[in-house]
Amino acid sequence: MSFLRRSACTAAVVTLIAATACSGDDKAAPASTSVERPQVPGERDRVVVRGSATVDGAPFDSRWVGAVVLRGGLVTPCQTTLPPVANGRYSVTVFAETESSGCGGPGARIVLWTYADNKIVFSTNALAWPGNGRVKSFAARYSTSAPAGAAPVTAQFTGGVFRADGVELPPGTRVEAYVGDTRCGVASVRSSESFTGYVLSVVGPDSIAGCTRGATLAFRIDGRPAAATTVVNTPPGQREALDLTLP
116 MSFLRRSACT
126 AAVVTLIAAT
136 ACSGDDKAAP
146 ASTSVERPQV
156 PGERDRVVVR
166 GSATVDGAPF
176 DSRWVGAVVL
186 RGGLVTPCQT
196 TLPPVANGRY
206 SVTVFAETES
216 SGCGGPGARI
226 VLWTYADNKI
236 VFSTNALAWP
246 GNGRVKSFAA
256 RYSTSAPAGA
266 APVTAQFTGG
276 VFRADGVELP
286 PGTRVEAYVG
296 DTRCGVASVR
306 SSESFTGYVL
316 SVVGPDSIAG
326 CTRGATLAFR
336 IDGRPAAATT
346 VVNTPPGQRE
356 ALDLTLP
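For the working numbering, count along the sequence shown from 1 and bump the result up by 115.
Think of the hints as simulated: they come from the structure by calculation, not from any bench. One thing to keep in mind: the hints can contain errors.
[What the hints assert, rightly or not] Label pairs and their computed distance ranges (CB to CB): (1) Ser167 - Ala343: 42 to 50 Å; (2) Val250 - Gly172: 25 to 33 Å; (3) Val268 - Gly172: 47 to 55 Å.
Computed from a prediction, not measured in an experiment: that's the story for all the values here. Ideal Cβ positions, reconstructed from N, Cα and C, are used throughout, including at glycine.
With the sequences and hints as input, model every part of the structure.
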């Protein structure tokens with residue numbers, strides 16, 4: 116199983132939200148060997164957000180810019196890859212709900228994040244979901260003194276999702292985190308050249324009543340209970356991979 120490679124990649128990003136940094140999707144294949152990739156369901160609904168970005172009022176360079184989607188109190192990492200910020204300019208593609216659970220749709224807001232001052236910093240402003248398949252300009256503002264920005268603080272988890280016989284479940288498989296009967300996080304399995312798995316953010320009671328901090332989390336895979344874990348809803352979550360399995 117190749118998950119050791121994925122886990123090592125994830126840890127290098129400092130927080131689990133950046134797991135897609137290991138993706139090779141933004142490296143084009145040589146023209147002589149490239150083949151047309153099959154269309155993924157919902158792929159045409161992705162949104163491109165681009166524009167200017169400042170940290171503490173000044174343009175900046177960063178290795179990464181990503182995006183989370185806020186919807187119904189939940190927070191879901193939804194960038195397709197992690198492109199750079201160059202001289203205060205960026206362009207990032209964001210999944211829609213039609214492709215990845217918890218991502219963009221009516222009533223959703225996009226909050227961007229970047230790596231600055233040796234930490235993840237979220238934008239202090241948010242962008243309303245512009246409609247499936249749209250390209251939208253957005254002047255992202257970040258503050259190193261308010262790293263959480265417009266996004267709730269979450270506990271982060273990532274890993275593979277497997278059947279009881281060890282077979283990895285496919286992209287689009289829904290993963291949810293619960294405290295009791297309250298849903299506190301949702302995502303889908305995603306796949307790229309070097310990462311297949313889920314990236315999940317779990318909110319606290321400041322976002323959804325009942326998402327108690329410190330409570331043991333129960334996970335569901337496409338609505339079915341996953342094998343029990345001992346992880347709890349405490350930020351920043353777990354750096355090590357958390358594989359989920361159907362019993």
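Comparing the hints with the structure gives:
no.	hint	verdict
1	Ser167 - Ala343: 42 to 50 Å	holds, 46 Å
2	Val250 - Gly172: 25 to 33 Å	holds, 26 Å
3	Val268 - Gly172: 47 to 55 Å	violated, 24 Å
Going through the hint list in order, the structure does not satisfy hint 3, though it satisfies all others.
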